[in-house]
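Modelling step: build the complete structure from the supplied sequences, incorporating the hints.
As you go down the protein sequences, you meet chains V and L in turn. Quick note on our numbering: the first sequence kicks off at 1 and runs consecutively. Quick note on our numbering: the second sequence kicks off at 1 and runs consecutively.
Hints are supplied without guarantee of correctness; some may be wrong.
Each pair of labels, with its calculated beta carbon distance range [claimed, not checked]:
1. V:Thr69 <-> L:Pro39: 32 to 42 Å
2. L:Ala22 <-> V:Ala228: 44 to 54 Å
3. V:Arg135 <-> L:Ile19: 27 to 37 Å
4. V:Phe155 <-> L:Lys64: 12 to 22 Å
5. L:Val52 <-> V:Glu59: 39 to 49 Å
By construction, these hints were calculated from the structure, which means they are not laboratory data. No residue lacks a Cβ here, since even glycine has one placed at the ideal position from N, Cα and C.
Here's the letter readout for the chains.
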Amino acid sequence: MGLLQGATELFPVSSLGHSVIIPSLLHWSFKQSDPSFVPFLVLLHLGTAGALLVLYRTEWVAIIRGFFTAAFRGQIENDNERLAMLLLVGTIPAAILGVFLETRIKSLFASPYEAAGFLIANGILMLAFEVLRRRAERRSTLKEEEFAQAERISFRAAAIVGACQALAFLPGISRSGVTIGGGLLAGLGHQEAARFSFLLATPVILGAGLVEVPQLFSGGVPIGEYLAGMVLAGIAAYASARFLLRYFRSGRLDPYGYYCIGAGLVSLALLRFGL
Amino acid sequence: MKSNTVAAGLAVLGIVFLIVAALYALGVLQLFASTSSGPHYKHAILFGVLAVASFVGANFARPKKATYATDRPTRL
Chain V
1 MGLLQGATEL
11 FPVSSLGHSV
21 IIPSLLHWSF
31 KQSDPSFVPF
41 LVLLHLGTAG
51 ALLVLYRTEW
61 VAIIRGFFTA
71 AFRGQIENDN
81 ERLAMLLLVG
91 TIPAAILGVF
101 LETRIKSLFA
111 SPYEAAGFLI
121 ANGILMLAFE
131 VLRRRAERRS
141 TLKEEEFAQA
151 ERISFRAAAI
161 VGACQALAFL
171 PGISRSGVTI
181 GGGLLAGLGH
191 QEAARFSFLL
201 ATPVILGAGL
211 VEVPQLFSGG
221 VPIGEYLAGM
231 VLAGIAAYAS
241 ARFLLRYFRS
251 GRLDPYGYYC
261 IGAGLVSLAL
271 LRFGL
Chain L
1 MKSNTVAAGL
11 AVLGIVFLIV
21 AALYALGVLQ
31 LFASTSSGPH
41 YKHAILFGVL
51 AVASFVGANF
61 ARPKKATYAT
71 DRPTRL
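Next comes the structure, spelled out in structure tokens:
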């Protein structure tokens with residue numbers, strides 16, 4: 001589960017969707033309603049957030065410094081300060097929607113059938129983002145490397161990309177997929193959209209994990225096994241992020257779109273026929 | 001949008017958010033919470049962050065001389 005969550009959290013294929021579908025398909029014995037499952041998920045998320053912090057350690061130092069400098073000065077004077085404020089603006093809509101809606105939405109759509117359906121919808125979304133992107137490329141005649149840096153998008157675009165993260169509360173819709181897609185529509189190159197998506201995900205994943213930390217100290221939690229899961233999630237997330245950043249130098253979202261549609265259809269068939 | 005009125009409004013909003021955060025943390029406020037009793041730390045942290053954002057926004061809204069070029073992006 002650690003490897004699965006860490007790998008799929010950053011790939012645009014929905015970790016939540018996979019964590020609902022795969023245990024059902026493989027007949028794994030644990031139940032997600034079990035009280036000890038939440039601490040397990042918390043540690044997996046902390047592992048993923050830790051991997052992103054390690055990957056972008058120098059950038060995060062500059063971003064945090066830039067945030068405090070700009071906040072106290074009341075003025076943005078360089079790209080790090082602007083990126084810090086863009087991340088703040090992008091994180092707030094996701095945090096508001098997450099706190100008020102996440103539990104309700106997840107409990108409404110927790111079945112593997114719905115997750116498989118949303119996985120297909122996620123695939124269609126990825127393909128739609130690429131169709132719109134190719135249209136924008138034709139209109140503007142810009143090459144991939146000539147699209148904007150993350151620091152140059154507007155605050156409105158950052159807020160919209162951040163709010164897109166709320167779609168990922170639907171199991172099967174990928175947080176990184178919709179934020180990378182939103183970044184593409186905002187005029188970013190693929191690699192920059194992935195970078196902005198990973199930076200945007202870090203405070204949300206870390207915050208959601210840290211808030212639930214007290215649950216780790218409740219009785220009956222096999223902390224050793226869970227910590228092993230966290231380490232594996234972190235390693236998988238780090239490797240995924242490195243791979244994706246390299247992939248998006250020239251790659252696009254289409255293969256992930258086709259994968260999601262295929263995986264969703266196969267999952268629906270397997271669930272339907274009880275295989 | 002630079003004006004002292006906007007800055008003052010955002011500062012007041014920040015204070016309101018701080019009060020709401022404290023009420024959630026103390027378990028006094030139960031609005032939009034999943035359980036009907038006890039403190040709600042997620043909500044408290046959220047309103048704390050909103051308060052910080054409001055104070056930052058207030059500081060940005062104070063009229064001052066601009067020095068950083070803020071090019072408008074081309075899309076969205």
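Taking each numbered hint in turn, which are not upheld by the structure, reported in ascending numerical order? Those not satisfied are hints 2, 3 and 5.
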